[in-house]
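Number of protein chains: 2
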Amino acid sequence: MKNNTIYENILKDCGLKSTKHRTTILEFLEIANQPVTAEQIYHELKEKNISINLSTVYRTLETLSDKELVLRHSVTNESKALFEYNNRVHKHYLVCIGCKKILSIENCPLCEYEKLLERQTDFIITGHKLDMYGYCPECQQKGLMGEKYN
Amino acid sequence: MKNNTIYENILKDCGLKSTKHRTTILEFLEIANQPVTAEQIYHELKEKNISINLSTVYRTLETLSDKELVLRHSVTNESKALFEYNNRVHKHYLVCIGCKKILSIENCPLCEYEKLLERQTDFIITGHKLDMYGYCPECQQKGLMGEKYN
DNA sequence: TTAATTGCAAACACTTTGCACGCTA
DNA sequence: TAGCGTGCAAAGTGTTTGCAATTAA
Chain A
6 MKNNTIYENI LKDCGLKSTK HRTTILEFLE IANQPVTAEQ IYHELKEKNI SINLSTVYRT
66 LETLSDKELV LRHSVTNESK ALFEYNNRVH KHYLVCIGCK KILSIENCPL CEYEKLLERQ
126 TDFIITGHKL DMYGYCPECQ QKGLMGEKYN
Chain B
6 MKNNTIYENI LKDCGLKSTK HRTTILEFLE IANQPVTAEQ IYHELKEKNI SINLSTVYRT
66 LETLSDKELV LRHSVTNESK ALFEYNNRVH KHYLVCIGCK KILSIENCPL CEYEKLLERQ
126 TDFIITGHKL DMYGYCPECQ QKGLMGEKYN
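Residue numbers (this note's numbering), protein chains in the order written: chain A, 6 to 155; chain B, 6 to 155.
Hints in this document: simulated from the structure, not taken from any laboratory. Relax, there's no trap hidden among the hints.
Copies of the same chain look alike in the list, so a pair counts if it works inside one copy or between any two.
Straight-line Cα separation of at most 30 Å, DSS-like style, residue types lysine-lysine; simulated pairs: (1) K53 - K105; (2) K120 - K147; (3) K147 - K72; (4) K105 - K120; (5) K72 - K106; (6) K72 - K134; (7) K105 - K134; (8) K53 - K85; (9) K22 - K85; (10) K147 - K85; (11) K72 - K17.
The structure displayed is predicted, hence computed values, not measured ones.
All chains should be built: construct the whole structure from the sequences, respecting the hints.
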């Protein structure tokens, strides 16, 4: 969490106007510290009596994604997009198939592999996306272990 | 590509009725040998004068995914789902950011890592999804290298 | 014969857009 | 004050569903 002046500066540094909604959404995402949907942002801001329109949320998220202040994800078999504050740390995600919670993993096992793959394919590799799937300890206890992912 | 009797057997082995559309779509996907959208299937079948409804394509794909005969993917920043014949080989994907082509990678660097992560998090890891992003040799030549993925 | 599958049209969920008004720089 | 940001309503896109007719077992 930061003093709002800092969000204003972040916005200005990208050539964006600083507006109430933009700083609010940036702050919200940084505090959330995990990927959330546009609707979640919309509703949770409403609960704090911050009046904003859903389309403004989407527009703001698009603007912020374009400037890479925010990351946009899609998760397999989920139709809604997820948005996350971009704190410039390379991350992966551990998704619980039972309760759908998502944990971040900051350790990355793939740097070496990227180089190997570049040699093998002549692609220039610019990044990757890795999601791990499984069951969290709580769901294991509750026996919520129907599906698997492979 | 297989003789259609084989698709009939695959379907029956899963407890599914064998219908024209189901065998056609299974065959189509196996020949395609890469992830495609429902619309692509629909249109390419139409071009072969096979009459089918888009909703039937979706319903068939859902049925086949439920039985794991077909895999359903989503790619970051793409709104359409992709469907692929499940040949039971664990795969990853190399996505060209320039021309959007997708290559399969059958080598997987993550088996070790899954075990490590289980110990670290107490999750039971059931699988993972890894997409690599970059620029294919052709797009590198054409200078189509605006974006990056990280 | 009976239950599952299909076509069609309509509904749906998520996201985007056009336009008039409001606010930032 | 000029132009970008916003609210609102309406449209768009990809996907799902209800129902009657058809087909597989």
